[in-house]
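J.: Based on the sequences and whatever the hints tell you, model everything.
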Amino acid sequence: MTSPQTTTAPKTAVRAAPAKPVSPRRGGKWRYAGTVAVFLLPSAIPLMLYTIIPMLGSLWTSLHEWDLITDMHWVGLGNYAELLSDPQTLTAFGNTLYFIAGYLPLVYAGGLGLALLLNRAMRGRSLLRGIYFLPVITSWVVVALMWKWLLNPASGLVNWALGLVGISGPGWWTDPDWAMPSVILASAWKDLGFVMVILLAGLQAIPKEYQEAALVDGASAWQRFRRITLPLLSPSTFFVVVISLINGFQVFDQVRIMAGGNAQVVVTQIYDLTFRYGRAGMASALSWLLFAFVLIVTAVQIRAQRRWVTYG
Amino acid sequence: MSRKIMTTLVATALLATACSQGSATKAPTGEGGKTTLRYFTFSAAPDHVKDLDAITAAFEKANPTIDVVVETAPYDQYFTKLQTSIAGGTAPDTFELNYENFVTYAGGGSLLDLGTVAGDGDSSAYAAESLNSFKHDGKQYALPASFSTVVLFYNKDLFEKAGIEPPTADWTWADEQAAAEKLTDKKAKVYGDYQPVQFFEFYKTLKQTGGEFLAADGKKSAFNSPAGVKAATWLVSKVGKTMPTEAEIGGTADYDTNLFKSGKLAMWHNGIWQFAGLKDVPFEWDVVVEPGDSAKASAVFHNAVAASATTKNGKAAYAWAKFLSSSDVAANTRIASSWELPPVSDQQLLAGYLKDPKPANRQAVFDSLKSIALPPVIKRQQEMQDAVTKELTEAAAGRKSVDEALKSAAAKVDALLG
Numbered sequence: 001m002t003s004p005q006t007t008t009a010p011k012t013a014v015r016a017a018p019a020k021p022v023s024p025r026r027g028g029k030w031r032y033a034g035t036v037a038v039f040l041l042p043s044a045i046p047l048m049l050y051t052i053i054p055m056l057g058s059l060w061t062s063l064h065e066w067d068l069i070t071d072m073h074w075v076g077l078g079n080y081a082e083l084l085s086d087p088q089t090l091t092a093f094g095n096t097l098y099f100i101a102g103y104l105p106l107v108y109a110g111g112l113g114l115a116l117l118l119n120r121a122m123r124g125r126s127l128l129r130g131i132y133f134l135p136v137i138t139s140w141v142v143v144a145l146m147w148k149w150l151l152n153p154a155s156g157l158v159n160w161a162l163g164l165v166g167i168s169g170p171g172w173w174t175d176p177d178w179a180m181p182s183v184i185l186a187s188a189w190k191d192l193g194f195v196m197v198i199l200l201a202g203l204q205a206i207p208k209e210y211q212e213a214a215l216v217d218g219a220s221a222w223q224r225f226r227r228i229t230l231p232l233l234s235p236s237t238f239f240v241v242v243i244s245l246i247n248g249f250q251v252f253d254q255v256r257i258m259a260g261g262n263a264q265v266v267v268t269q270i271y272d273l274t275f276r277y278g279r280a281g282m283a284s285a286l287s288w289l290l291f292a293f294v295l296i297v298t299a300v301q302i303r304a305q306r307r308w309v310t311y312g
Numbered sequence: 001m002s003r004k005i006m007t008t009l010v011a012t013a014l015l016a017t018a019c020s021q022g023s024a025t026k027a028p029t030g031e032g033g034k035t036t037l038r039y040f041t042f043s044a045a046p047d048h049v050k051d052l053d054a055i056t057a058a059f060e061k062a063n064p065t066i067d068v069v070v071e072t073a074p075y076d077q078y079f080t081k082l083q084t085s086i087a088g089g090t091a092p093d094t095f096e097l098n099y100e101n102f103v104t105y106a107g108g109g110s111l112l113d114l115g116t117v118a119g120d121g122d123s124s125a126y127a128a129e130s131l132n133s134f135k136h137d138g139k140q141y142a143l144p145a146s147f148s149t150v151v152l153f154y155n156k157d158l159f160e161k162a163g164i165e166p167p168t169a170d171w172t173w174a175d176e177q178a179a180a181e182k183l184t185d186k187k188a189k190v191y192g193d194y195q196p197v198q199f200f201e202f203y204k205t206l207k208q209t210g211g212e213f214l215a216a217d218g219k220k221s222a223f224n225s226p227a228g229v230k231a232a233t234w235l236v237s238k239v240g241k242t243m244p245t246e247a248e249i250g251g252t253a254d255y256d257t258n259l260f261k262s263g264k265l266a267m268w269h270n271g272i273w274q275f276a277g278l279k280d281v282p283f284e285w286d287v288v289v290e291p292g293d294s295a296k297a298s299a300v301f302h303n304a305v306a307a308s309a310t311t312k313n314g315k316a317a318y319a320w321a322k323f324l325s326s327s328d329v330a331a332n333t334r335i336a337s338s339w340e341l342p343p344v345s346d347q348q349l350l351a352g353y354l355k356d357p358k359p360a361n362r363q364a365v366f367d368s369l370k371s372i373a374l375p376p377v378i379k380r381q382q383e384m385q386d387a388v389t390k391e392l393t394e395a396a397a398g399r400k401s402v403d404e405a406l407k408s409a410a411a412k413v414d415a416l417l418g
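Top to bottom, those sequences are chains A and B.
Counting in full-length UniProt numbering, the first sequence runs from 1 upward without gaps.
Counting in full-length UniProt numbering, the second sequence runs from 1 upward without gaps.
If you are wondering where the hints come from, they were derived from the structure by calculation, not from laboratory data.
Check the hints yourself; a few may be wrong.
Said to hold, decoys possible - 20 Å max Cα-Cα, derived SDA-like pairs, lysine to any residue: (1) K187(B) x T70(A); (2) K139(B) x T70(A); (3) K241(B) x R399(B).
T.: Right, here's the structure in full:
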């Protein structure tokens, strides 16, 4: 849940460096830069080693044909050209967007509902908050296997329960038509707690006076929610949407474990290309296409936020 | 799940490399001039680790300066690990390869030409056709170590109870189908037949009905034909009738093995590597050569030992590969434990395989070799296998007609060949 930090960290670091030196002494500038560097190193070194260098490496790889077992072979932009004309690329992006379209509204609505519920004074509030957060810190492998079991078409609890009320349940993850809904369901369930916590913090930052004033003016509960809570919650909503979108584009674990070959998103496609089909160059190119796509979407979001995000 | 995607990819590669590095460093380094030789295999675990240990021990006794370190991985992870270790420069000295993947590796230059380290190595111990399967551009890049075939397993008790004559070598698909229908009892959850709907079964059944998978020049697919439709229909029509559906299987690992072992499966298309695991089941079972349609054709899986092009111990690698593939100790160990078959030319040695009383009709294994179907091999092998399996699965689930499935499978395979 920390992807923006990894990208924003260097930015703030770079900005911090040219800030006015605190020390007025001679040679203070150099000393100051040295001090900053020492503090930055612990995060800058792993960042270089595990993020920047591999990223550049994958850019280089994307210009080659490489099956991992023989030498790389230069193909220029050939991989990109092939990807853009391959219907599988479109399918993978389409499925990723399908995932986001199902997951985002579900996790937001669910998280908001929980946050509103648990924002009220009630017994066992802290305990419930803790319980809803548990799935967030659970490994995806565990959660995916559990949902796979729950949604097992033959012996799962869900189809058993559906059977009790006379509904014959679908094939869930064994059926390509139902595999994505299964994954969406499990994903929304797992991330509910995360969205809840962020929105809960947002709710508590809304001054009580606004609500009280509206109450005195005779505003209904719905009006107060629609006109006060939602607008003032918009910075938290924005954060949740940005994070969830990026997570959505990177969805992998649950799709791979739950749906196997029945649902292919961009990242599972990247994995298959590299490790199943020995086409690491093509996979790197697809990674960069995904990067470009996420970059554009995020830029659009940041521009659009001016229209709908209210601060204070 | 939340880390930047491109880093995930490269980090995974790094991680995988780091892992194989880990297992490399785990290996004890040579003491007193000893050579440590790594061997990576998919066919030993879990049933035959001890048998491999016995072969290793005998080899080390005969070659006291060489220390063989065995690393195993399940088949579905094996090639991913092998690839990443080669890419990361930590390839094992020697490793197992199957026939389908041999071409990719040999053509890629990652295998050591064993002719350069063999000296005046005598190859008469090997069955000639087996040895030739692992030649590429006239060079011996791997030594055949084992082979296995697919036969029809059947539960004798279930046949007896239903009052049906057990299968014979003369059976055709029609006989199998008639028996399967009678043996299936959905209420008791007993199924008459189990044959996976996938690439390997398809290319074989195609041959059983007289079709070809690839055109003679190997440049185009040839399975979208009347024979192809017949073969695919044969596989697909079992699902939901005499065989459980995908939803019923529910992705359970080893579903078919457990179904047969629990006595609820009458006929089972599977490989002779299952013999060892079926020793103690509480019912009578036997095997027979698979029924054909217009012809007999049995699938053969062929595994070999290769050495990495980057190994520093070429001579030791060759010695081990040769020992593992053709020594009497290795051959006898394989035969005694029913761990596939050694590709040796010595018929005397192979005769020992027939002495084991279970299954009674072991002769079927040798009979199945009389008309074999080798898998079609192309450069983009895995993609072809996946494409064919996927389309057949669509047809089995009733989401596509067999005609449509074959048409799009053929288009995909043609694209891979193009």
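J.: Within a Cα-Cα threshold of 20 Å, do K241(B) and R399(B) meet the stated pairing?
T.: Cα-Cα ~16 Å, so holds.
J.: Does T70(A) lie within 20 Å of K187(B) when you go C-alpha to C-alpha?
T.: 54 Å, violated
J.: Verify the proposed pairing of K139(B) with T70(A), using a straight-line Cα cut of 20 Å.
T.: Distance ~18 Å between K139(B) and T70(A) Cα, so the pair holds.
Hint compliance for this structure: hint 1 alone is broken.
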